[in-house]
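Peer 1: The primary structure of each chain is shown beneath.
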Amino acid sequence: MRFIFTRDTWQEIFGTIRKNKLRTAITIIGVFWGILLFVGLQGAAKGMENGFDYTFKDLATNSIFLWGQQTGIPYAGYNRNRTIRLELNDTYRIANQVEGVQFVVPRNAKGIFDGAAPLVVNKLKSGNYKVFGDYPIIDNVSKKKLRKGRFLNHKDISSNRKICVIGERIEKELFEKDDNPIGQYIKISNIYFQIVGVYKENNTDFFEGDDSIFIPFTTFKKVFNTGNRIGWMVIAGYPDEDIVAIEEKTKELLKRRYSVHPNDERAFGAANFGEMFGKITGFVKGLKFTALIVGIATILAGVIAIGNILLITVKERTKEIGIRRALGAKPGEIRGQIILESVFLTLVAGILGMTVGGLSLSVLNNFAKSWDDFPFMNPTVSLQYIGFAIAIMVILGTLIGLIPAQRAVSIRPIEALREE
Amino acid sequence: MIQINELHKSYRMGSNELHVLKGINLDIKEGEFVSIMGSSGSGKSTLLNIIGMLDVAERGEYILDNVPIENLSEKKAAIYRNKFLGFIFQSFNLINYKNAAENVALPLYYQGISRKIRKEKSLYYLEKVGLADWAHHLPSELSGGQKQRVAIARALASEPKVLLADEPTGALDTKTSYEVMDFLQGINDEGKTILVVTHEPDIADMTKRIVQLKDGVIEKDTFVEQVRASEHV
Ligand SMILES: Nc1ncnc2c1ncn2[C@@H]1O[C@H](COP(=O)(O)OP(=O)(O)OP(=O)(O)O)[C@@H](O)[C@H]1O
Ligand SMILES: [Mg+2]
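Chains as they are written, first to last, in the working numbering: chain D, 1 to 420; chain Z, 1001 to 1233.
With the rest of the complex left out, here is chain Z:
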């Protein structure tokens, strides 16, 4: 599903150059549940953003679902993001003046799907994350865990091939974190490929593969025995 070869990325800040990714090689198959770990500043978000086509690599190869991602125009990138990827952010990134259902429906709007189907789908995915009753509430009326579940529903709504989550539990307490992981596991069980950035080992243990970043390279890449979140809820 995702193939990355010799990926480099550096940031230029004035005359200094910060080499953040120094040759990443990663191969992720369909249906995998991968966590990316590493100390702060090790480049986890940078890698995930490049995978998410929100940022571009400097050098190296990136193939998503057999499509080489290179020299994308903003328009192309938008279309690919919309079609292939679902994003979940640490700070939820819901649009505050749209209610839960409208937020979930937003990626569908950019897919050009009709109102009626958007409505049906958004309700379907809200139900899936257990928030059907909250469809008409604004984000400000939801708890952190609920907001993240709305964000998950939104990421799922466009039926992406890969879900990308940057510290999805970073702003949540342990109990809610596990609830969110429980959802993600359920989605993965259905076959969706998921990438999670986290620095919490217990969260990483709930995925199936842990990629350890250090000094811009992959230090360790191990498949692990998945801990089911439901056992801890």
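Excised from the complex, chain D in its bound form:
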């Protein structure tokens, strides 16, 4: 082992490497590409992962949207096509009785699924905008980005306050440029509401866009006379819970409650966001795994190429090796030198590949900043991966070096010297 660290060993190795620069360059190209690909693909996959994470960071990803529809099967004395309207109580039941549920948020809205968008008036300006009746906890489903003021709070709910949070487009359309809407009143369906906040469009909003108005759920109920009915609900599962199972159980519970046939698939509509997100996560994971496999395969191919070229050079150097052995080189020393050469070339190629790979990623990252819609961000390769790659290279370099090394010492010095 000691001989790895002596200057002489390395001088011998550099001597042989320097002797044929072209050969050395060709030798390392394979591994260079392999690592470049490995780093590039891993980084790109990570970039996509980060991009998706960023896109969905304001979102309870393990969630379902659920609403009532019309029954498809007559059951328990009811005809088919009975309209099911979910009620506020359902949300409590689901939260308490379905396992794995973190919270349930009821929502109501005008101007999106049913009813026309209410007229909203500020002095002389007016427009029709979607209005949502919400609980503050909706913020946990899809985080609102507030440009000004605040979002709804519990006090607003408990005292049925007539306050609202408006989208920035509404601010633009109903207010003068340097007129601060916070604290001002607008008329929604002829009722005055005080504006407490202005929100910015979220990159993962579903229905709100930048032109909606949020008012307290309780206020909505009174103003639009919705009673206990709710438009739909968002059911958020704990992060690791099986969201598909939660959807099943919730539907079972609701079917029992509304006397719906157990096989009726039409009575409740649901958008399982967790399932969708799971597919995206799966896609990113698949991407990373593919990158890993492709990278390792390419590195392997590169290392085998190094082994091959070393084997050829060992044949070329048979005479030289014979001379060295006549002069007293022990087989172990010859073997060690060739293995070290192999490992060294592999590592140099690998480090070059990593450097170029890293640079390409940072260039890519700069480009990515200008792609707004494409989920791509901070493409990085973790140190673990780098360490893993280096370990693989050292191990493979050693293993592959064993073949030419063994070949070099298997020729007897007398035969090696006879070679012309």
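Heads up, some of the hints might be wrong.
[To be verified] Cut-off 30 Å, straight-line C-alpha distance, at most; resulting in silico cross-link-like pairs (DSSO-like, lysine-lysine):
#, chain 1, residue 1, chain 2, residue 2
1, Z, Lys1119, D, Lys319
2, Z, Lys1116, D, Lys21
3, D, Lys187, D, Lys145
4, D, Lys21, Z, Lys1161
5, Z, Lys1119, D, Lys19
6, Z, Lys1161, Z, Lys1119
Derived from the structure by calculation, the hints contain no laboratory data.
Given the coordinates of chain D, work out where chain Z with the ligands should sit on it, guided by the hints.
Peer 2: Positioned in the frame of chain D, the structure of chain Z with the ligands alone reads:
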């Protein structure tokens, strides 16, 4: 220094067997200068290679400096070669990408000698063969005679007990051959044991003892009056 008893060696080529050495007996004392002669194919190189532990005998006894040489592992053989023997080849066998000084230093590297001393020694021996000024030249920049002198310096550098030279002048013209023999005589004068394989009688005459090989045995073994190479240069 070298004792050889009933040494046999044959080469197997397919079903044929070529019996090259058929019972060699040779006793060489320290400080001798011996030439081995014989027609082409008579087994001169084979004998020298066995003495040089580059090849192994089939049967018989070989004792070098009171050490019986038998059943050597490659590692042992390498250590003995390095410690006891210096080689000079007809085709010089210098490493072409190493300069003269590096070539001379190579056996010292395998002896595990430090860089500094390697450098000093290699320069010392290059000076001894008159090539101090050529220390940093590659073999391709040297003449045949100069290359052989570098090879001699390399063989000497490890301070071996015996120098083995297989047709050291075979690739050189007469004048350069004599120069090389002059060096070898000088080294022998200092007490080094030298074995030279040659088929040139004038070269053999410059040694002190001529061993004639024929049909795998020693046909004639005579001590001769040494002709000094310097008289012919
Ligand atoms: N490795 C080998 N395999 C088979 N035969 C060999 C081998 N080495 C040598 N021989 C044969 O052994 C015989 C002796 O060879 P050797 O090289 O010792 O001869 P030599 O006396 O040195 O001849 P020259 O003067 O031509 O160098 C030759 O017939 C040669 O063909
Ligand atoms: Mg010969």
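Peer 1: Does each hint hold? Answer for all of them.
Peer 2: Against the structure, the hints:
Distance check on the hinted pair: lysine 1119 of chain Z and lysine 319 of chain D sit about 25 Å apart at the alpha-carbon level, within 30 Å; holds. A C-alpha spacing of about 28 Å is found between lysine 1116 of chain Z and lysine 21 of chain D, which places the hinted pair at or below 30 Å, so the restraint holds. Annotation: proposed proximity of lysine 187 of chain D to lysine 145 of chain D holds, straight-line Cα distance about 24 Å (limit 30 Å). Straight-line distance between C-alpha atoms of lysine 21 of chain D and lysine 1161 of chain Z comes to about 39 Å, which puts the hinted pair past the 30 Å bound.
Of the pairs offered as hints, the one joining lysine 1119 of chain Z and lysine 19 of chain D holds, with about 21 Å between alpha carbons and a cut-off of 30 Å not exceeded. The straight-line distance between the Cα atoms of lysine 1161 of chain Z and lysine 1119 of chain Z is roughly 21 Å, inside the 30 Å bound, and the hint therefore holds.
In terms of the numbered hints stated before, the structure departs from hint 4 and from no other.
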